Amino acid sequence: MIVFAFISIAIGIVLLLITFFTKINYKGKAVSAILGISLILYGSFTYGSLNPVPVIETYDVASKQDVIYPIEKVQLVSPIQYDVVKCRILTMGVYPENHDKDIWVLLKPSDDKYYPQSDWTNTSYKEDGRWQVVTRFGGDKNEKYELIVYETSKEASAYFTQIVEEWKTNDEYPGLQDLELPSGITKVDQIEVSLENDCRGIF
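Residue numbering for the sequence shown follows the working numbering, beginning at 151 and increasing consecutively.
Calculated directly from the structure, the hints in this document are not laboratory data. Remember, predicted model here, so these are calculated numbers, not experimental data. Careful, some of the hints might be misleading.
Below, in silico cross-link-like pairs of lysine-lysine (DSBU-like), each with a Cα-Cα straight-line distance of 35 Å or less [claimed, not checked]:
1. K263 / K276
2. K263 / K304
3. K291 / K236
4. K263 / K294
5. K294 / K214
6. K251 / K318
7. K276 / K291
8. K251 / K337
9. K223 / K304
Here are the simulated distance ranges between beta carbons [said to hold, decoys possible]:
10. Y323 / V234: 42 to 48 Å
11. A308 / Q340: 21 to 27 Å
12. K304 / I341: 25 to 31 Å
Using N, Cα and C, we set each Cβ at its ideal position, and we do this for glycine too.
Use the sequences and the hints to build the structure in full.
Structural data, given as structure tokens:
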């Protein structure tokens, strides 16, 4: 079907070129133009239906605090303690040179369960001493959350990745109990934030 869509678009373009650059009568030009435009529209619509444009996820940036230098450990820069945050924010921080562990952000809302946060790569994105991860809240307005940053071993990181993939596949996010947290995780920071808006059902 994709090949057929491209062929339709190509033929439509050729017909339009014939319309504008050949010496045919007005009736022929009109027919050629109508067919060309129709084929381009049909091909474009067919391609778009088969390959829909992905929805670009947007996020807000919460309050930030200064980085403590020299950077000797993983630091959480944003959000900050007792921040009031939007439904989808970018949690970010810094890490020291030669840091070789994965960084995970887990949310703990009022149900006392843990929810690992992930981008498409699942772990927090790390580059040039900075890390970040899109963090999605799904609670009620003014609900309080613990936002916890962990360093993880490869095994613990793989466990969180598997959990996130299972939740996405099933479209169910039951959360993790305390006893379900893997070994090989070290808490780096923990803050409390609250929601500015009602975030239920928006993801």
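Here is how each hint holds up against the structure:
1. K263 / K276: holds, 26 Å
2. K263 / K304: Holds: K263 and K304 sit about 22 Å apart, inside 35 Å.
3. K291 / K236: holds, 10 Å
4. K263 / K294: holds, 13 Å
5. K294 / K214: holds, 19 Å
6. K251 / K318: Answer holds: K251 to K318 is near 24 Å, not above 35 Å.
7. K276 / K291: Distance ~31 Å between K276 and K291 Cα, so the pair holds.
8. K251 / K337: holds, 12 Å
9. K223 / K304: Given pair K223, K304 holds - Cα atoms ~18 Å apart, limit 35 Å.
10. Y323 / V234: 42 to 48 Å: violated, 23 Å
11. A308 / Q340: 21 to 27 Å: holds, 23 Å
12. K304 / I341: 25 to 31 Å: holds, 26 Å
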